[in-house]
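S.K.: One letter stands for each residue in the lines below.
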Amino acid sequence: MQQLGEGKLSLMATRLRERKQPQLSMAPMIDCVFLLLIFFMVSTTFAPMPGIRVQLPPPGTPSKDKPKGLIVKIDSPTIRDQDGTMLLNEELVQYDDMYPRFLDAPEEQKSMLIIQAQRDVLHKQIVKVMDIAKNAGIEKIGFAVVARE
Amino acid sequence: MALQIKRRRGGSGDEDIPMAPMIDCVFLLLIFFMVSAIMRIPPPFDVILPDSTTENEFPRKKYNLFISSDGKIAIDDQLMEDLEDMGLFIASHEHQISTLIIKADQRAQHGDVIDVVERAKARSNKIEGLEVAFAVAEDAD
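The listed protein sequences derive, respectively, from chains A and B.
Under our numbering, think of the first position of the first sequence as 2, with each following residue one higher.
Under our numbering, think of the first position of the second sequence as 6, with each following residue one higher.
Here chain B stands alone, though its shape is the one from the complex (with noise of 0.2 Å):
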């Protein structure tokens, strides 16, 4: 049995084009592109990253912690007032903070760096230690 093809010959203009498809597909990606972004919050104060050569890298989270070069603290755009602030911020926040990323200004002075830190994990329940990274510039070579 053959098949008949039929081939309309020069058409008559008014066909439509099947545009549910289409709106399926640019739903599921809107979707897909809401769950899976992480705005980038900027801090209350300028933060300059210091450069590194280090090939390690990890994923972009909310809850970032910014110190500024004068020993400001901020949570993403809160600013904190002090470091007590900042501990029960972690601790009411911890379940969702796996890695607590620090972007310390390059110009921050290292014992502002360890004061948030000791803070960060003297509230944090976590029985194998709490884990840290330090943010550094991205386009350091």
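Looking at chain A on its own, in the form it has when it is part of the complex (with noise of 0.2 Å):
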């Protein structure tokens, strides 16, 4: 009867040691991981954003001085979606001679621009006077505004 028992025991061991490990299994969490892998290596960017930069000054109340520097006005434009008229220093100027007015300017002027816009001028107006502004070496960038109490 013991023997029996032993017997039975040991087959149930040899069963036990036959039997195979449990093993996890990779291949459904590395399918996972490529496809979060092409997920953020199509939708990341690493080329930088093109722009003008323009560092203004702390905030406060506006200097009431008249200002040192280039001083382009620019007028509401009359038709609608055009540009506005544009004065350089109380002058008429177009975008052509923007550029070189701005290089032979004296050197006192050219270290800052001042944007002097009507408020309905657009802003592409206002972004192709910078971009020639800093063609022209200009790095300093102001606008103009009204100061309320």
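Since the hints were made in silico from the structure, they are not lab data.
Among the clues, some could well be false.
[Claimed, not checked] Straight-line Cα separation of at most 30 Å, DSBU-like style, residue types lysine-lysine; simulated pairs:
# : chain 1 : residue 1 : chain 2 : residue 2
1 : B       : K108      : A       : K74
2 : A       : K141      : B       : K77
3 : A       : K69       : A       : K129
4 : A       : K9        : A       : K74
5 : A       : K74       : B       : K77
Fit the two chains together into the complex; they arrive one by one in their own frames, and the hints show the way.
M.R.: Structure, rendered in structure tokens:
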């Protein structure tokens, strides 16, 4: 009787030993990881964005003194979606003339460009003026604002 | 002592390729891309950026400020109710905004853009002044 019991036990132990160890299947996880990797690789953009940097002065009351620098005044556009008339130091100016006139300006004026534009001037015109100024080596650009108490 | 190189001719075909180093590399790449990825978040309205020949470039960041042609303001995909709302948002995320990137539509009015810039400047506590960048179209020559 006892021998029979021992025989059964040894048989069970052998079966247990023979049973395969559970394995973690890696393939689905690798599939997921690859999919995620491809998604992030496709959606990530490392190329920098083009733009025009403007360093603004610290907050406070705007200076009431007459600024030393080139002043570009831009009038409201007479026709909708068109450019407004531009004045550089009170003289009428076009885009083509602007670059040589920025270059020929006295050194003390070339340090800064002040854009004094009407509210309804289109942003693309401002960017175009800033663009010409940057190309002419003017680093500081300011915008004229109305001081409100 | 001569080196003995064992060469198996005509492999049995059941050799395992070691997967662990490949998985390690893939995980490293995945972590790198996950950390460095900045998702492109479209604004709630269409914005056509102005063209420019400028050579200035700056890294892509989160919290871009969009201005539509009709004066609507959004920060990434969140539409701002008014300038006050925008100012509060900038003040609360100031430590995450080093350069305020303004993506204004080419037909946006200068007055609207300056209102936004002035409000952002007033809300910023940076002593040296807030740095602003006006984004331009990427395919501009």
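S.K.: Now tell me if each hint is right for this structure.
M.R.: Now the hints, each set against the structure:
no.	hint	in the structure
1	K108(B) <-> K74(A)	holds (23 Å)
2	K141(A) <-> K77(B)	holds (28 Å)
3	K69(A) <-> K129(A)	holds (22 Å)
4	K9(A) <-> K74(A)	violated (103 Å)
5	K74(A) <-> K77(B)	holds (26 Å)
Going down the numbered hints, you'll see the structure goes against just number 4.
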